[in-house]
Every structure is written in C-alpha cells, then in structure tokens.
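Novice: Here is how the chains run, residue by residue.
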Amino acid sequence: MLTELRMQKINKTFASVRANIDVDFDLKKGETHVLIGENGAGKTTLMNILYGLYQPDSGTISIDGNEIKITCPADSIKHGIGMVHQHFMLVENFSVAENVVLGNEPRKGRKLDRKKARQIVRDLCARYQFNLDPDMLISELSVGKQQKVEILKLLYRDADILILDEPTAVLTPTEIEELANIIHTLNSEGKSVILITHKLREVLTMSSRLTVLRNGIVTGQMNTTDATVTKLVNMMVGKNLALDVNIPYHEPSEKVLEVLDLSVRDSQGHYVVNNFNLCLRKGEIVGIAGVDGNGQSELLEALIGVRKIDSGRIIASSADISSATTLERISQGISCIAEDRHKRGVILEMPLVENTLLGNYFRPPFAKGIRIDYKATRKVTEDMVGRYDVRTPSIDTNIMWLSGGNQQKYVVAREISKPHCILLAAQPTRGVDIGAKQFIHEQLVKERGEDKGVLLVSTELDEILALSDRIVVMYKGGVSGEVTRCDANEQLIGRLMIGQHEEG
Amino acid sequence: MSKEAKRMLMIGAPPIVSIIVAFLISALFVLWSKDMRLGEYFAALLKLVTIVFSESFSTKLKFMEVLVYATPLLFCGLAHIICFRCGLFNIGVEGQFILGMTSAGIIGQFTGIPAILQVILIMMTGVLAGGIWALIPASLKALKGINEVVICIMTNFLAMHFSNYVALRSNIADVNATATFMIQANAQLPRFNDSSRLNISTIVVIILAIFVYFFLFSTKRGYQIRAVGLNSFAAQAGGIKVNVNIVLALVISGAIAGLGGALHVAGVQHRLISVAGFPGYGMDAIAISLLSNRNPVACIFVAILFGALRNSSRMFQIEGIPKDTVYIIQAIIIFFVAADLISKYLKQRSRTK
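From first to last, the protein sequence lines stand for chains E and U.
Read in this note's numbering, the first sequence has 331 at position 331, and its numbers run on one by one without any break.
Read in this note's numbering, the second sequence has 204 at position 204, and its numbers run on one by one without any break.
Think of the hints as simulated: they come from the structure by calculation, not from any bench.
Where is the CB? At the ideal position from N, CA and C, for every residue including glycine.
Some hints here could point you the wrong way.
To be verified - One side only, chain E facing chain U, incomplete, derived with CB under 10 Å:
#1 E301
#2 R329
#3 C336
#4 A338
#5 V346
#6 M350
#7 N355
#8 F362
#9 F366
#10 V479
#11 V483
#12 D487
As the list claims (entries may be wrong) - The calculated BS3-like cross-link candidates involving lysine-lysine, where the alpha carbons are at most 25 Å apart (straight line), are:
#13 U:K6 with E:K343
#14 E:K255 with E:K418
#15 U:K6 with E:K375
#16 U:K60 with E:K343
#17 U:K220 with E:K368
#18 U:K241 with U:K6
#19 U:K220 with E:K375
#20 E:K199 with E:K145
#21 U:K344 with E:K343
#22 E:K418 with U:K220
#23 E:K308 with U:K141
#24 U:K241 with E:K418
#25 U:K220 with E:K343
#26 E:K199 with E:K29
#27 U:K241 with E:K308
#28 U:K344 with E:K368
#29 U:K144 with E:K308
#30 E:K379 with U:K347
#31 U:K241 with E:K343
#32 E:K379 with U:K344
Using the sequences and the accompanying hints, generate a full structural model.
Specialist: Now the structure itself:
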C-alpha cells in the first residue's frame with residue numbers, strides 16, 4: 001500500500017525542446033497535489049511519464065522507497081496509478097456499468113455478468129457518493145457525469161493515485177463544486193489525487209499541496225495554505241502580471257452584426273441552434289457564455305458559412321449574408337479565431353508563411369494575378385510574428401512545431417491583421433498559458449477600442465465576465481438570458497448556463 | 001551542417017536508402033535464380049547493378065531508350081502528384097492514360113491535316129479525354145461524397161475495354177494486327193534520330209513537370225489544392241471551396257494522364273495496340289510519385305530510375321535472371337516508401353494528440 005510516491009530528477013527532451021529538467025515531484029497518501037504551470041511548462045509530460053506513456057531520459061520513480069519501472073500504462077495501473085485524460089475515453093453507446101468494467105469484466109461463464117457489473121457500480125457509487133445510474137448510456141450523460149464515470153473506472157481498478165488532466169475545463173461552476181467534493185471524499189478514503197491545471201482559483205480551493213512548473217523546471221512547491229494568487233502567478237510566468245484586464249469606457253456605435261431567428265441542424269438533423277437572436281454593435285464585446293455543446297460551435301460555423309442554416313437570417317454591416325459563401329463573408333469583413341485551431345484555424349503541416357494565406361490568398365498583396373506573391377506574404381508574416389511576439393524558429397517552420405500558445409497567438413495575429421469589422425473569437429484562450437492569455441485579452445479590448453464588433457464565445461466564465469460589455473447565455477441552442485456588464489455575476493450566469501431562468 | 005542542408009537530407013535520405021537496400025535484397029534473388037553460393041553474394045550484387053547500369057546508362061542510345069520508358073511514367077507520376085497534394089488518390093490515372101492513347105489512335109487516322117496542327121489536335125483530345133474521364137469520379141465525389149478510388153477502378157476497366165474495342169473491332173482496326181492502322185505521318189511526333197524511339201514528348205513532359213511544380217507552389221490554385229489536401233476544414237474556413245478544388249485536381253490530373261497517353265501513341269507506338277491487361281504505367285507511377293515525395297521535379301529523376309529498371313528487364317532475361325527481379329526491386333522500394341510514410345503519419349498523430 002502506498003504511503004509516498006516520489007519522482008526524482010526526471011528529464012525528458014523532445015526534439016529540441018526540454019520538456020522536463022531535473023523535475024522532483026512527490027505525493028503522499030490521501031492528499032491532493034496540484035501541478036500548475038503555463039501550457040508547455042511540462043505538466044502533462046511529467047504525468048505521461050508517470051502513467052507510462054513516455055519514457056524519461058533520466059530520473060527515477062519510486063513508491064515507498066522502492067524504485068519502480070513504468071514502461072507502459074499497464075505497468076502504472078499495476079502500481080495503482082490511473083489517469084483521466086482531458087478527452088474522455090468512453091464507449092458512447094455502452095452503459096455506465098459496461099464502461100466501468102470494460103477490460104476487466106466480471107464473467108458468468110463466457111458472458112459478461114451484467115448483474116454483477118451493475119452491483120459493482122452501485123457499490124462504488126454509494127461508497128464515494130456518486131449520483132450515477134449504472135444503466136444510463138454514456139451518450140445520454142452530461143460531460144460532468146461522464147467525468148465521474150472515468151473516475152469510477154479508476155476506482156474499480158483499485159487505483160490509489162488518480163491523475164486528473166485539466167478536469168474542470170469542460171465543467172459548469174456547479175459541476176466544479178461537485179468535483180471538489182468528490183476529490184475531498186477520495187482523499188478521506190486514502191486515495192491520492194494529482195490535478196493538472198492552469199486555473200489558479202481551483203488550485204487554491206481543491207488542493208493541499210502544489211508544485212509549480214515553468215519551462216520544464218520546478219519553480220516552487222508549497223502547501224496550498226501558504227499560496228496566494230500573486231505568488232503563484234509570479235512562479236508561473238516569472239513576472240508580475242495583472243490578472244484583470246483594464247477595460248476603458250467605450251461607447252458602442254451602429255449595428256455591425258445581427259442574427260435573427262437563426263436555426264441550424266447538426267448532421268443527424270437535430271436542431272442545435274434554435275431561434276437564436278443576437279445583435280452586435282461596433283466597439284463592443286458581446287460574450288456568449290454557455291456550457292460546451294449548447295450550440296456555440298454550430299452557431300459559429302453558421303456565421304462563417306461552413307454550415308448551412310435552416311432558417312433565419314444573418315446580417316453583417318446591413319448586408320444579408322445568410323446564404324453568402326465563406327469567401328464572400330471574409331471579404332465582407334468577418335474574421336474568425338477558430339474554436340479548434342488544429343481543425344479550422346491552421347494547417348499544421350504548412351509553414352507559417354502559407355498559413356498566412358488562409359483567408360487571404362485571394363486578395364492583394366498576397367495575390368498577384370493567378371500567382372501568390374510569396375515575397376509580400378513573407379513580409380506580412382514576418383511583421384505579424386514580430387509584432388505579436390510569436391515564438392518560432394522561422395516563418396518557414398511548419399506550424400505544428402510551435403507550442404499551443406504561440407500557435408494561438410499566430411492565429412489571433414492573422415485574424416486581426418485582416419481587413420475586418422467583425423471579429424469572432426471562439427475560445428480564444430483555450431489551452432494557452434497565462435502570458436498568451438493576457439496578451440490575447442488585450443488584443444480583444446484593443447479591437448473594441450478600434451470600433452470593431454467582437455463576439456467572444458467562451459466556456460470560461462472568468463474570461464466572459466472580465467471582457468464582455470454584454471453577455472448572452474446560450475442553452476440548448478437558444479438564448480437563456482442576456483445580461484449587461486454591470487448586472488453580471490457568476491451565480492447568475494451559472495444558473496442561466498444550466499437553463500434556470502432568473503427568479504424574481 | 002546548415003539547417004537547410006539538414007532538411008534536404010531528411011527528405012532525400014529515405015528514398016535513396018530504400019533504393020540502395022532494394023538492390024541489396026534483390027541480389028539475394030539473383031543468387032537464388034542462378035544457383036550461386038552465398039559467398040558469391042557480392043558477385044551477384046555487382047552483376048545486378050552492372051546490368052541495370054550498362055543496359056541503361058552506358059551509351060547515349062541506351063539512355064535514350066530509358067527516356068522512352070520514363071516519359072509515360074513521368075506523365076502518370078505528375079498526374080498522381082496533383083491528386084496526392086489534394087488529399088485524393090486518383091487510381092484512375094491508368095484509365096485516363098488509356099483513353100488518351102485511344103483518342104490519339106483515332107485522331108491520328110484523319111488525313112489531310114497539316115503536321116503541327118494534327119499533333120496539337122492530338123494533344124488537345126488527349127487532354128480532353130483524360131480530363132472528362134476523370135470528371136466522372138470527380139463529380140460523384142463532389143456531389144455525392146462517393147469515394148473516388150472505387151469509381152476510378154471501375155472506370156479503368158471501362159476505358160481498357162473501350163480501347164480494345166477501338167483497336168480490334170472498330171472500322172479503324174487493322175484485321176492483320178491486334179491494333180489500329182498506323183497513324184498518319186503528320187500525326188507522329190518528331191524523333192531525335194532514326195535509331196531511337198525517343199521523341200519530343202520527353203521534352204514536353206519535362207517542361208510539364210517544371211510547370212506543375214510552379215502551379216502547385218506559386219499559384220493561387222496550387223495553394224488552394226494543397227490546403228484542401230492537408231486540412232480541408234481549415235481551408236474551408238479560410239474561404240477555399242473544397243469541392244471545386246477536388247474536382248479541379250482530379251480533372252487536371254486526368255488531363256495530364258490523358259496527354260501522356262496521347263503522346264505515347266503519337267510518339268512511340270504510332271498506333272493503338274490492344275492490350276490483354278493494364279499497361280501499368282499509371283500503377284507504377286503511384287510508387288514513382290510517392291518515392292519523389294510528391295515533388296514534380298524530383299519525380300523526373302525517379303521516373304528515369306524506374307524507366308531504367310523497366311528497360312533492363314529484357315537484359316535480365318538474356319542473362320538468365322528472371323525479369324521479375326525488376327518488379328522485386330520496385331516492390332521493395334515501395335515497401336520502404338510506404339513504411340516511411342506510415343511512420344511519419346504515426347509520429348504526427350502522436351504529436352497532435
């Protein structure tokens with residue numbers, strides 16, 4: 001039985017990046033230890049080493065003083081280490097019970113013993129106070145409940161150490177609270193939890209100890225009771241950063257984007273955006289809050305013209321663009337920071353120069369007759385990289401070799417550099433570090449100051465609350481409420497996000 | 001080593017290594033077929049290399065013959081490159097090439113057309129035949145989302161049987177041969193000398209390779225095609241019409257293959273000859289385009305190598321080595337190229353995960 005896990009002098013290098021440099025980490029029985037750091041600081045690398053997905057270049061892992069070798073996830077499970085990945089690994093059309101026992105099923109003869117599986121899940125739920133029906137299909141569960149199933153899977157395999165990678169990224173405020181309770185229960189049952197996160201507030205409420213990583217180096221380790229937000233930020237980025245964005249007063253002017261009774265269906269024919277209305281004026285930031293999967297993605301796809309709309313109208317700068325092509329919309333002045341940058345934002349296998357051509361290739365100075373003017377494109381790219389501080393070996397480097405934060409900074413730079421009057425910013429800071437986040441927030445505020453209309457779609461409430469002049473809350477494809485900056489608070493938005501309307 | 005040189009080495013090394021290893025392994029088959037002892041391995045290897053080299057590069061005339069083989073391979077290789085760059089697999093190059101040959105066999109029969117005009121006419125119909133033939137899978141893919149590979153394989157058979165009909169049963173079929181009548185002298189491409197079949201189509205295809213390179217890497221359309229090939233979602237969000245580019249890539253690819261077929265008849269065969277099975281230029285060219293890392297200029301040299309191998313197969317037989325050794329060499333090269341591509345793909349996938 002574990003009382004102490006120790007990782008000592010862990011080193012790991014990828015190509016030219018040193019992801020972990022002499023990292024020491026330890027975990028005691030029954031504690032929650034947070035690994036915090038910017039993106040690319042090496043948190044996930046360290047945990048992937050512990051989970052057996054990567055091999056360290058040097059360094060040792062030991063449990064209770066006995067050195068152990070972990071060469072694959074099966075080894076780590078044997079030692080009682082389990083991991084819940086950021087993206088869940090569940091079989092959608094299996095029930096909760098089937099998912100939990102998958103890979104280690106109770107059998108009756110040659111068949112799965114469903115009754116026993118159900119009983120196992122019920123027992124586990126009772127013991128850890130989970131509120132789950134073992135017969136529900138995964139596809140019917142909310143993201144928060146799916147996460148619980150993932151945790152159950154680990155508990156069923158008797159994991160003593162649970163690694164949770166960015167567990168709160170997809171949760172509503174209430175679900176985050178529930179998770180905090182679950183972690184507390186786990187601790188009191190003697191289980192240890194490692195949380196990987198870059199959200200400061202969670203660190204302070206959920207953990208007993210924390211380790212800060214920066215550029216692969218441990219920059220601090222302390223008890224949570226000794227930590228403050230400023231201390232943490234200093235250790236994470238090495239410089240003092242104000243967390244709040246300074247938003248000067250700015251009077252919005254005329255309408256620049258209007259969405260009227262918009263309905264959109266997904267590929268299965270279900271309505272995912274339902275009679276949605278929105279108005280965006282020049283010089284304001286409108287935030288669209290909502291739990292992931294309430295139609296935000298489809299709304300954006302409809303706005304940039306890559307998804308057909310079912311009914312309703314979209315009007316940009318008093319022109320009806322409901323049936324316009326993507327190209328026409330870009331020319332109309334719609335810029336978009338894509339929600340999933342690897343899917344729609346960049347072409348990973350192309351160098352930065354050629355990524356600059358996305359959404360630009362058809363117009364001067366990039367196009368010269370039928371040719372692409374690479375000289376001009378290079379100049380624009382150099383300029384963007386310099387001005388927005390995108391860290392890259394060169395502009396001929398394929399963008400896949402850049403860190404997430406730098407990729408995102410590049411996308412922001414490109415979209416802002418386009419001639420535009422509307423900026424759609426979807427999850428603009430998803431998976432980026434504090435430095436880049438701060439920078440991107442500043443850019444959005446600057447856009448607002450330059451009289452652009454900014455539509456900020458984000459599942460991060462902090463971000464929405466900090467930046468938006470008005471907040472539209474999306475729930476099940478429609479608007480569950482609209483709040484102005486001065487009326488907004490976390491509880492109110494949180495209630496609207498789960499579909500409860502204002503009371504009184 | 002400079003960064004640029006390192007990069008070139010990373011791209012260039014795998015194909016070159018795979019060619020060398022292919023020869024090393026094939027030498028074992030030479031040992032086997034000639035009942036030589038293992039100790040004579042190096043003798044066998046030397047023999048193999050000598051045959052290919054002396055049969056292909058030792059005299060000017062022999063090298064010209066290599067180019068005759070390389071030319072249609074290069075046409076087809078370029079056709080594949082365009083589609084690979086767009087994320088498509090045009091396995092129909094074979095059929096488009098055959099239809100190009102057929103069209104030239106027909107147009108070449110017409111009398112009384114001035115020389116240059118008839119050659120230009122043949123080139124144009126070749127382009128049209130291949131392009132229109134590729135439009136079938138292209139439009140089905142764009143409109144209905146039907147996989148292009150399946151349609152292409154089916155259209156290949158249609159093309160082959162149609163071609164055989166023209167060569168054997170139509171009114172231009174020569175009953176004394178399993179082919180059409182010879183095409184008019186005005187329809188034949190000028191040759192460099194009387195002792196070789198090498199003709200100006202080789203110059204056409206080299207210019208075309210450079211042109212395709214320019215098209216892919218410095219025009220707007222080339223950019224769009226490559227963008228769709230690498231990430232159609234991002235391309236779409238960037239205002240690029242995915243379906244338009246899919247259709248264009250397939251049609252341009254088909255047109256190049258068709259042109260290749262037409263010039264093969266006008267320059268080398270001088271008549272449409274019936275075939276028992278696919279001539280295989282389009283199929284061999286798959287490996288050629290992949291071995292060239294889908295680079296049109298590199299493709300010129302790979303096509304010459306494969307042309308040399310095809311050219312040497314006769315000499316293998318004379319030397320008592322099965323001519324299939326040539327295919328063994330090709331197959332091993334393909335194995336290595338495929339393995340290289342798969343490992344790159346897996347590496348990339350684990351990175352983006």
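Novice: Hint by hint, note whether the structure agrees.
Specialist: Checked hints:
no.	hint	result
1	E301	9 Å, holds
2	R329	8 Å, holds
3	C336	7 Å, holds
4	A338	6 Å, holds
5	V346	6 Å, holds
6	M350	6 Å, holds
7	N355	8 Å, holds
8	F362	7 Å, holds
9	F366	9 Å, holds
10	V479	25 Å, violated
11	V483	30 Å, violated
12	D487	34 Å, violated
13	U:K6 with E:K343	30 Å, violated
14	E:K255 with E:K418	20 Å, holds
15	U:K6 with E:K375	24 Å, holds
16	U:K60 with E:K343	53 Å, violated
17	U:K220 with E:K368	9 Å, holds
18	U:K241 with U:K6	36 Å, violated
19	U:K220 with E:K375	14 Å, holds
20	E:K199 with E:K145	21 Å, holds
21	U:K344 with E:K343	19 Å, holds
22	E:K418 with U:K220	18 Å, holds
23	E:K308 with U:K141	19 Å, holds
24	U:K241 with E:K418	19 Å, holds
25	U:K220 with E:K343	22 Å, holds
26	E:K199 with E:K29	24 Å, holds
27	U:K241 with E:K308	14 Å, holds
28	U:K344 with E:K368	34 Å, violated
29	U:K144 with E:K308	16 Å, holds
30	E:K379 with U:K347	32 Å, violated
31	U:K241 with E:K343	16 Å, holds
32	E:K379 with U:K344	31 Å, violated
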